[in-house]
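Asks: These are the residues of each chain, in order.
2 protein chains.
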Amino acid sequence: MSKAIQNEGYLFKQVYDYVMHRIERKEWNEHDKLPSVRQLAADMNVHRLTVLKAYKLLKQDGKVYVKDKSGYYVQTSMKENNDFENIQYVSANVQKKHLSDINQVPVSYHFSQALIDPNLLPNHYFSDYVKKVFDLYPKVLATYSTVQGDEELRESLTHYFINQYKTHLHADDLLITSGSQQAIHLLSQAFIKPRDTVLFERPSYSAAIDIFRAQGANIITVDIHPDGYDLEQVESYMKRYKPRLFYLNPTFHNPTGYTVPADQRKKLVELAEQYRCLLIEDDAYHDIYFKETPPPPIYTYDTVGTVIYIRSFCKYISPGLRIATVICHSSVLKSLLSMKSLADNGSPLLNQKIFLHYFSSLRMQQHLEKLRIALQIRKEIMEEELAATNWQWTSPHGGLNLWIKLPDHFSSELLLTKSIQQSISFVPGQLCDPLNQLSSWIRLSYSYVNEKQLREGVRRFVDVAGCLSPPESC
Amino acid sequence: MSKAIQNEGYLFKQVYDYVMHRIERKEWNEHDKLPSVRQLAADMNVHRLTVLKAYKLLKQDGKVYVKDKSGYYVQTSMKENNDFENIQYVSANVQKKHLSDINQVPVSYHFSQALIDPNLLPNHYFSDYVKKVFDLYPKVLATYSTVQGDEELRESLTHYFINQYKTHLHADDLLITSGSQQAIHLLSQAFIKPRDTVLFERPSYSAAIDIFRAQGANIITVDIHPDGYDLEQVESYMKRYKPRLFYLNPTFHNPTGYTVPADQRKKLVELAEQYRCLLIEDDAYHDIYFKETPPPPIYTYDTVGTVIYIRSFCKYISPGLRIATVICHSSVLKSLLSMKSLADNGSPLLNQKIFLHYFSSLRMQQHLEKLRIALQIRKEIMEEELAATNWQWTSPHGGLNLWIKLPDHFSSELLLTKSIQQSISFVPGQLCDPLNQLSSWIRLSYSYVNEKQLREGVRRFVDVAGCLSPPESC
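Protein chains in written order, with full-length UniProt numbering: chain A, 1 to 474; chain B, 1 to 474.
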């Protein structure tokens, strides 16, 4: 399989799943003819190309075959061996590659996506907002943004942060980036040369590990625990290895869900200042708390510019817009501006204006409240279904994931292979580990799949895992 | 002036110009009070923050002063010396910096912007399109794009290129990037290590020069002439310096407007294959022809993957969306995907869907036809006004710029200083020259400024230049 499997996003997946469900439920039997591409596109209210893509992948996966010029027919389960080969091939590859490979495998139960279920986002309301933006800024599509980002947006975010955290801030201290990924990437380019040492939590955000590795960084890790870090260990590493920076995600940490307590935050800033180690605080999940608001961001304890704060709004406000902001000292900002002007010369203005108006609306606050409740319910469903196992995890107070310890005999590689066969994906612990171990840990996201599928899928997953245990447990 | 001058885009500029015109025409006199921010925002139908920004810059430029808590008053021309100092400071800096510094200086006659006048773009129609996209894809804001880019869009572009140029192409051969800037940047990162040699035209696109310089490239130049290149020179440099790649803009070249003839294109591909030099063909102006369509892109002569083709649609279709596509061999695409997954993990899906639907519409074709006519008229106005001088240029058959040779005694640095004082900006030749010379050449864009301002501005510019000539000409 030399072509990477393309995932069109939820539309494509819906078509794929639609066909698979009919086949699995025997509504469509072996050799039955599938609806024509045109017909199904009309029925499902999607583009013909979306249906065609789903059909092609079904064929590739051996679920359907083609006869005549344009007819698709249901394939029998006789082809399961080929599926197995195909999927094994993908699984074998994903051990070496990015999380994105796992996410692209079309399964029914996406526990690998730390994304919000599109159905939980106020899509209809977005639509109205976008129309409003065009009324306010009729020439927005004809205009470029500055490299630093739309000033109106930066002013609005500045007011927000000042109100939330009572910090001193000015719109000039902010940079708008196309998502937190771009922010991390620009920072890695601005600060890291090959063999520079950086400190990472273990485990950590897989894309950040990839980014810093690609810059040639030497990654040293400190463990993150449910109650934060061992600050003596942090200090000792800063002293010994003199890392250029420490990349951290201290609030509803990805993948663990842990939150670093307030008393540690202040101390961390002091250590960072003392040992001249920049702190890059990635705070993507800040608003996704279940009971109480989390402690203030680490940057609010910073007085001299040691902390670079990345706040992404992609996950739960509008993934499709890709808007994040970086708050930092002016010298850092200058480097970042330089990098960004080369990288793309500024994020699209349209996206910034849409985000600006949505972000400052009352509706968004209401949306966030509902989202928190919905996510908490999903977390609880997942935990209920997992209670049947002897697996261990710390129940998070916010965020999108459970970080689960399986018994030592498990290999998450094999578990992934078997799971994908059962249309389930998750993230093996190694992908979150800078040291590439943690192979009996897994990350399960409860945020993407609806409640019914969540229950079904976790049960199915527990069964799959059960069959991989020593004989007496299957 | 430690803060970079921020340009909010055309809205901010309109407010700034509005006030300046009133002052210049003596409608508002010294010590007159300006309208309140709120009032002017209502009158001009812009955001208060936009007016506030314009007012702050007027104050910074010494055009107005502040009294009481929130009143702005007209400043007298007594402050002109300070303006001069401020502007000289900016001008001195721009010699060393990017084109973006020049573009950010708020002037009335922007001959430095190789952008389309927003008033020439079908803004109202865009608005309808965006609403339509939300109806077709209700969850578009809740969904991420793949790294390679929306498949529907790639399929649509593939059909377009196949129809236009009869090439073999597949949607898998395309990558969607956030503008051509990002494409060039990703390519520089994928292919260039410090001290690698690259071939450039002289002059060339200033941002590309900056990008490759930032990667540490050693830039060797070949001259571009109205009739193309000296292919013997090209061959001799490829043989001698073994450049990794040749970055070129062979159709309505920026800044010269020259177009490389068809017979040279085929030969160029042969040379590139022979000497194993990748060709990066940046084709941003392809559709902006005045009389005849230009020769087919160089990539259409390529059979083995020597050419990497960048087609940006930003300039004249929708700058605010920032959409470009790269067509290349699968091994190159693989590298680019890897780079892009780190850089931003995929361009925003919303922008791609909006572009997809607009691009495939009849309206866009009609728009392009009108745009060509409008730009040709503007080119002719500029040329008419310049006929009064003894300056030399080759009239381009398309594109957005005139590339003009001034008599040798001119220093474009000093000319820029004086011009900015007269509210005129342009691009000094050095910024387009990898060798940093060409100081008696200038680039004037006719695309951004309306016809009336074009005439006024060019006349004024000719006067300014006239006063810098030897005494007998002033």
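Please keep in mind that the hints were generated in silico from the structure rather than gathered at the bench.
Treat the numbers as computed from the prediction; the structure is a model and nothing was measured.
Beta carbons: idealized from backbone N, C-alpha and C, even for Gly.
Check the hints yourself; a few may be wrong.
[Claimed, not checked] In silico EDC-like cross-links for lysine to aspartate or glutamate, where the CA-CA straight-line distance does not exceed 20 Å: (1) Lys59/B x Glu292/A; (2) Lys56/B x Glu30/A; (3) Lys56/A x Asp172/B; (4) Lys405/A x Glu369/A; (5) Lys13/A x Glu24/B; (6) Lys418/B x Asp128/B; (7) Lys132/B x Glu155/A; (8) Lys370/B x Glu456/B; (9) Lys132/A x Glu24/B; (10) Lys56/A x Glu155/B.
[As the list claims (entries may be wrong)] A few chain A residues that face chain B, going by a derived Cβ cut-off under 10 Å, partial list only: (11) Leu49; (12) Tyr144; (13) Glu155; (14) Gln164; (15) Tyr165; (16) Lys166; (17) Thr167; (18) His168; (19) Leu169; (20) Cys314; (21) Pro319; (22) Asn345; (23) Leu349; (24) Arg459; (25) Val462; (26) Val464.
[Unchecked claim] So, partial list: chain B residues that the calculated Cβ filter (under 8 Å) puts toward chain A: (27) Glu151; (28) Ala214; (29) Pro348; (30) Ile404; (31) Pro407; (32) Asp408; (33) Ser411; (34) Arg459.
Asks: Please go over all the hints and tell whether each is borne out by the structure.
Replies: A quick look at each hint next to the structure:
1. Lys59/B x Glu292/A: With Cα atoms ~46 Å apart, lysine 59/B and glutamate 292/A exceed 20 Å; violated.
2. Lys56/B x Glu30/A: 73 Å, violated
3. Lys56/A x Asp172/B: Holds: lysine 56/A and aspartate 172/B sit about 14 Å apart, inside 20 Å.
4. Lys405/A x Glu369/A: At roughly 30 Å apart (the allowed maximum being 20 Å), glutamate 369/A and lysine 405/A break the hint.
5. Lys13/A x Glu24/B: 61 Å, violated
6. Lys418/B x Asp128/B: 44 Å, violated
7. Lys132/B x Glu155/A: 31 Å, violated
8. Lys370/B x Glu456/B: 23 Å, violated
9. Lys132/A x Glu24/B: 36 Å, violated
10. Lys56/A x Glu155/B: 14 Å, holds
11. Leu49: 5 Å, holds
12. Tyr144: 5 Å, holds
13. Glu155: With a closest approach of 6 Å, the glutamate 155/A hint holds.
14. Gln164: 20 Å, violated
15. Tyr165: Tyrosine 165/A check fails; min Cβ-Cβ to chain B is 22 Å, beyond 10 Å.
16. Lys166: 22 Å, violated
17. Thr167: Given a least distance of 20 Å, the restraint on threonine 167/A is violated.
18. His168: 17 Å, violated
19. Leu169: It is violated, given that the least Cβ distance between leucine 169/A and chain B is near 15 Å, above 10 Å.
20. Cys314: 8 Å, holds
21. Pro319: 5 Å, holds
22. Asn345: Interface hint status for asparagine 345/A: holds (5 Å vs cutoff 10 Å).
23. Leu349: OK, holds: leucine 349/A within 10 Å of chain B, min 5 Å.
24. Arg459: Violated - the Cβ of arginine 459/A stays beyond 10 Å from chain B, reaching only about 27 Å at its closest.
25. Val462: Violated, about 29 Å.
26. Val464: 27 Å, violated
27. Glu151: 6 Å, holds
28. Ala214: 6 Å, holds
29. Pro348: Check passed: Cβ of proline 348/B comes within 5 Å of chain A, closer than 8 Å.
30. Ile404: At about 25 Å, which exceeds the 8 Å cut-off, the nearest Cβ of chain A leaves the hint on isoleucine 404/B violated.
31. Pro407: Since the shortest Cβ distance to chain A is 34 Å, the answer is violated.
32. Asp408: This hint is violated: aspartate 408/B lies away from chain A, its Cβ roughly 33 Å from the closest one there, beyond 8 Å.
33. Ser411: 26 Å, violated
34. Arg459: 27 Å, violated
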